[in-house]
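**Student:** Residue strings, one per chain:
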Amino acid sequence: MNPFTYARPTGIDEAVSLFTPDSRYIAGGTNLLDLMKENVTHPEQLIDITRLPLKDIEETTDGGLRIGALVSNSDLAWDARIEQHYPLLSKAILAGASPQLRNMATTGGNLLQRTRCYYFYDADTPCNKREPGSGCPARDGLNRIHAILGHSEQCIAVHPSDMCVGLAALDATVIVKGRDGERRIAFADFHRLPGNEPERDNTLADGELVTAVELPAENFSTHCAYLKIRDRQSYAFALVSVAAALQLDGGVIRNVRVALGGVAHKPWRNPEAEALLVGRPADKAAFGELADALLAGAIGFNDNQFKIELARRAIVRALSDAVEGAV
Amino acid sequence: MSSTKDHSGVTTVATYPIAIEINGKPQQLDVHPWTTLLDLLREQIGLTGTKKGCDHGQCGACTVLLNGKRINSCLTIAVMHDGASLTTVEGLASGDDLHPMQAAFVKHDAFQCGYCTPGQLCSAVGMTAEGRAETSDELREHMSGNLCRCGAYPNILSAIEEAMPATREQLERDKGVSR
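Protein chains in written order, with my numbering: chain C, 62 to 388; chain L, 128 to 306.
Keep in mind the hints are simulated off the structure, nothing from the lab.
Mixed in with the good hints there might be a few duds.
Keeping only pairs whose Cα atoms sit at most 35 angstroms apart, straight-line, the calculated DSBU-like set for lysine-lysine is [as the list claims (entries may be wrong)]:
no.: 1; chain 1: C; residue 1: K116; chain 2: L; residue 2: K234
no.: 2; chain 1: C; residue 1: K238; chain 2: L; residue 2: K196
no.: 3; chain 1: C; residue 1: K98; chain 2: L; residue 2: K196
no.: 4; chain 1: C; residue 1: K345; chain 2: C; residue 2: K238
no.: 5; chain 1: L; residue 1: K302; chain 2: C; residue 2: K116
no.: 6; chain 1: L; residue 1: K302; chain 2: L; residue 2: K152
no.: 7; chain 1: L; residue 1: K152; chain 2: C; residue 2: K98
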């Protein structure tokens, strides 16, 4: 790691005021310190936000939950309210990382973790995300784990989070605080596609701090599934993951949500295609149509063509599982 | 923060004071901000039981119990843990009496080279405290953050299964003491 200075504010405004362009906020640190050891990131100052009052899970006035940015992944996944009312989120979190990492990693940090693209992580190779304009060796290189949707000439990396796939399906809201005050960002607008600025993973302005994530009252606790397909059974990033959520009226779809992980620079959804299924029987024909719509325009590379068919089957399977209950 | 000036008067080295309890012993330490908890233990304090495997949070050899919870000590910096209580593998036994988890690892021959063992032990104790894993499949899943390159997994699992009830009792007793 490069040398850096350290600050430990106790208030949110104080933390935000300490920020400089060469600073990074640190909480769990499980991704940031790894990136610093790999010489991918070299901040001059770390602002330790772990003493800020952002550790609670509170009920909101509209019947949802407000999750403080510092709530650890373990505490969130095992919170009785989350397990009971938002099982999709609990299952998504527990599908990611290892118990040790989940004990340190925070809600805010999970949103901000960076891609595990091999070339991004290897500071000796070009990478448009790490060093804009240097090129993307992944396009013609090792790209088994890379994107099939929403990629650009400049970047084919995927967002690595499981938790975010669950949050995307649940239509969460991200609360951030900057020097200009507080902002609420719809989850779908928080992460971004790489386009011509692959160095930007999300829509945060410099110095803005994630303070909370809000879950709406609608929780899909009766019919939901998180399905994660990976190269080994545990402790691996997703090749494809699916957060599926249904509201059923008898056997008829009243509401459906599907978010995909491991396939794009952000959790992938298609609300228009979801809406087309309302009123249809909850069967494999309908699920297959939604899968086709979600994967419309998918383009694979040398090593990851298989992901397109894998994703299609995973979507149908996850939705079929969700019909059975919360799995 | 305290800094020293080099011969040209440039401030170069900053350390920060922290108070941390390690295996029941309170310590006052000065640390560089980039010193990981793992390097603090091994290099600054001389507690080399905690192992550095990958140094990237992938192998679990560096697992310790921070305020009772298992974490990867390689992926956190010591300066952030002012006021914390830490248990390493050296702190599991009571004098010459092995912790039930350690005794079970010996009984079941739950290692070959032993390099992953300190992390396996701390992780297994942390998992027991979490109380979320019961069946063999759940135990395997909940121990997936600890790799064993020798492949001693079957015996590690047997050891953990045998030692969990006694570990649970010990955790309850320790809770009573700290109350």
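**Student:** With reference to the structure, classify each hint as holding or not holding.
**Tutor:** Hint check:
1. A threshold of 35 angstroms between alpha carbons decides the hint, and for C:K116 with L:K234 the separation of about 42 angstroms lies outside it, so the pair is violated.
2. Between the alpha carbons of C:K238 and L:K196 the distance comes to roughly 30 angstroms, so the proposed pair stays at or under 35 angstroms and holds.
3. For the hint pairing C:K98 with L:K196, the CA-to-CA distance comes to about 24 angstroms; that is within 35 angstroms, so the pair holds.
4. With a C-alpha separation of about 43 angstroms, the suggested pairing of C:K345 with C:K238 is violated against the 35 angstroms cut-off.
5. Under the criterion of a C-alpha separation no larger than 35 angstroms, the hint pairing L:K302 with C:K116 is consistent with the structure, at around 23 angstroms.
6. This hinted pair checks out: L:K302 and L:K152 have alpha carbons roughly 17 angstroms apart, not beyond 35 angstroms.
7. Proximity of L:K152 to C:K98 is assessed by CA-CA distance (about 30 angstroms); at most 35 angstroms being required, the pair is judged to hold.
Violation of the numbered hints given earlier is confined to hints 1 and 4; the remaining hints are satisfied by the structure.
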